[in-house]
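Take these sequences, add in the hints, and give me the full structure.
Chain residues, written in single-letter form:
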Amino acid sequence: DSGVTQTPKHLITATGQRVTLRCSPRSGDLSVYWYQQSLDQGLQFLIQYYNGEERAKGNILERFSAQQFPDLHSELNLSSLELGDSALYFCASSVGLAGSTDTQYFGPGTRLTVL
Amino acid sequence: LAKTTQPISMDSYEGQEVNITCSHNNIATNDYITWYQQFPSQGPRFIIQGYKTKVTNEVASLFIPADRKSSTLSLPRVSLSDTAVYYCLVGAGNAGNNRKLIWGLGTSLGVNP
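Just so you know, the protein sequences line up as chains A and E, in that order. Numbering-wise (the numbering used here), the first sequence opens with residue 1 and increments by one. Numbering-wise (the numbering used here), the second sequence opens with residue 1001 and increments by one.
Among these hints, one or two may not hold up.
Derived CB-CB ranges, DEER-like [to be verified]: (1) E:E1014 to A:L39: 23 to 29 Å; (2) E:G1015 to A:N51: 22 to 28 Å; (3) E:P1076 to A:S27: 29 to 35 Å; (4) A:G28 to E:T1029: 40 to 46 Å; (5) E:P1113 to A:T7: 35 to 41 Å; (6) A:R18 to E:N1112: 44 to 50 Å; (7) A:E62 to E:T1029: 30 to 36 Å.
Only some residues are given here: those of chain A computed to face chain E with a beta carbon under 8 Å [stated by the list, open to error]: (8) G3; (9) G28; (10) S38; (11) G42; (12) F45; (13) L61; (14) F64; (15) G84; (16) S86; (17) T103; (18) Q104; (19) F106; (20) G107; (21) P108.
Pairs of lysine-lysine residues, derived as DSSO-like cross-links and limited to a Cα-Cα distance of at most 30 Å, are as follows [unchecked claim]: (22) A:K57 to A:K9; (23) E:K1052 to A:K9; (24) A:K57 to E:K1052; (25) E:K1054 to E:K1003; (26) E:K1052 to E:K1069; (27) E:K1054 to E:K1069; (28) E:K1052 to E:K1003; (29) A:K57 to E:K1069.
Keep in mind the hints are simulated off the structure, nothing from the lab. Nothing here was measured: the structure is a model prediction, and the numbers come from that model. Where is the CB? At the ideal position from N, CA and C, for every residue including glycine.
This is the structure we're talking about:
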């Protein structure tokens, strides 16, 4: 158990809909990262937040947005969903700001299926 | 931005040493190299991290040549439970905006009895 929690574990929805994925980091970690993993594209970094502020951005679509709240939990909002958005979405957390040198602890993931 | 290249897959047998090499020709001066292990439907797990030369822990060793354009993860005496995908990650070690954490596609390691 990494200490990172994600809800829900599974999510099935239809095209065009909007969903929210939630992540609680490990106690004491200030950075939260979101990743998307689909079968054909490996692990794709989406976005990082540190202590409530956006710090790094990867290949995140404009239909996707995220935020980190004062209690440090984070939410990833996916809107106008398409079939291709079906994937595993992982949240990770680390202590500090320097993502590469900090150890990232990953949650169990949310499996999103868009029908 | 440092892009990484790893073999797509490798096969080995129990008890053998496995070496997985990652190429990162465009690595920046302040980039660190980190390896993660991922089992199916689970999040990746940290294995080892280094900047130069050699790093060893209880799980693996990481070899980084002087030019730092590649790195090799070495797993001694693998077992069936080492069957997983291994990712090489290269990213900035300094704080700052717009850093990107670039993951390789990963190497799928199969360990046979």
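Structure-based check of all given hints:
1. E1014 (chain E) and L39 (chain A) have their C-beta atoms about 28 Å apart, which keeps the hinted 23 to 29 Å range intact.
2. At about 46 Å, the CB distance of G1015 (chain E) to N51 (chain A) disagrees with the hint of 22 to 28 Å.
3. Between P1076 (chain E) and S27 (chain A) the Cβ separation comes to about 33 Å, which falls inside the hinted range of 29 to 35 Å.
4. Judged by the Cβ atoms, the range 40 to 46 Å given for G28 (chain A) and T1029 (chain E) is violated: they are separated by roughly 30 Å.
5. Between P1113 (chain E) and T7 (chain A), the C-beta spacing of about 38 Å keeps the proposed range 35 to 41 Å intact.
6. In this structure the hint that R18 (chain A) and N1112 (chain E) lie 44 to 50 Å apart at CB holds, the actual value being about 45 Å.
7. The hinted range of 30 to 36 Å is satisfied by E62 (chain A) and T1029 (chain E), whose Cβ atoms lie roughly 33 Å apart.
8. Taken as an interface hint, G3 (chain A) does not check out: its beta carbon lies about 11 Å from the nearest beta carbon of chain E, beyond 8 Å.
9. Taking 8 Å as the C-beta contact cut-off toward chain E, the hint placing G28 (chain A) at the interface is violated, the least distance being around 16 Å.
10. With a least beta-carbon distance of about 12 Å to chain E, the hint placing S38 (chain A) at the interface is violated under the 8 Å criterion.
11. The interface hint given for G42 (chain A) holds, since its Cβ lies 4 Å from the closest Cβ of chain E, which is under the 8 Å cut-off.
12. For F45 (chain A), the shortest C-beta to C-beta distance to chain E is roughly 5 Å, which falls under 8 Å, so the interface hint holds.
13. Annotation: L61 (chain A) was flagged as interfacial toward chain E, and the flag is violated, the nearest CB pair being 15 Å apart, outside 8 Å.
14. Interface hint at F64 (chain A): violated, since its Cβ lies 16 Å from the closest Cβ of chain E, which is beyond the 8 Å cut-off.
15. Look at G84 (chain A): its Cβ only gets to about 18 Å from chain E, farther than 8 Å, so that hint breaks.
16. With a cut of 8 Å, the hint placing S86 (chain A) at the interface with chain E is violated, because the nearest CB-to-CB distance is about 14 Å.
17. Satisfaction of the interface hint for T103 (chain A) is found here, the shortest Cβ-Cβ separation to chain E being roughly 5 Å, below the 8 Å cut-off.
18. Below 8 Å, beta-carbon pairs count as interface contacts, and Q104 (chain A) has one with chain E at about 7 Å; its hint therefore holds.
19. With a cut of 8 Å, the hint placing F106 (chain A) at the interface with chain E holds, because the nearest CB-to-CB distance is about 3 Å.
20. About 6 Å separates the beta-carbon of G107 (chain A) from the nearest beta-carbon of chain E, less than 8 Å, and the hint is met.
21. Checking P108 (chain A) against chain E by beta carbon gives a least distance of about 6 Å; that is within 8 Å, so the hint holds.
22. This hinted pair checks out: K57 (chain A) and K9 (chain A) have alpha carbons roughly 24 Å apart, not beyond 30 Å.
23. Between K1052 (chain E) and K9 (chain A) the CA atoms are separated by roughly 39 Å; this puts the pair beyond 30 Å, and the hint is violated.
24. With a CA separation close to 27 Å, the supplied pair K57 (chain A) and K1052 (chain E) stays within the 30 Å bound.
25. Between K1054 (chain E) and K1003 (chain E) the alpha-carbon distance is near 21 Å, which keeps this suggested pair within the 30 Å criterion.
26. In summary, the hint linking K1052 (chain E) to K1069 (chain E) is supported, as the alpha carbons are separated by about 10 Å, within the 30 Å threshold.
27. For a cut-off of 30 Å, the pair hint linking K1054 (chain E) to K1069 (chain E) stands: about 14 Å separates their Cα positions.
28. For a cut-off of 30 Å, the pair hint linking K1052 (chain E) to K1003 (chain E) stands: about 18 Å separates their Cα positions.
29. The suggested pairing of K57 (chain A) with K1069 (chain E) holds, with an alpha-carbon distance near 25 Å, which does not exceed 30 Å.
This entry does not satisfy hints 2, 4, 8, 9, 10, 13, 14, 15, 16, 23, going by the numbered hints stated previously.
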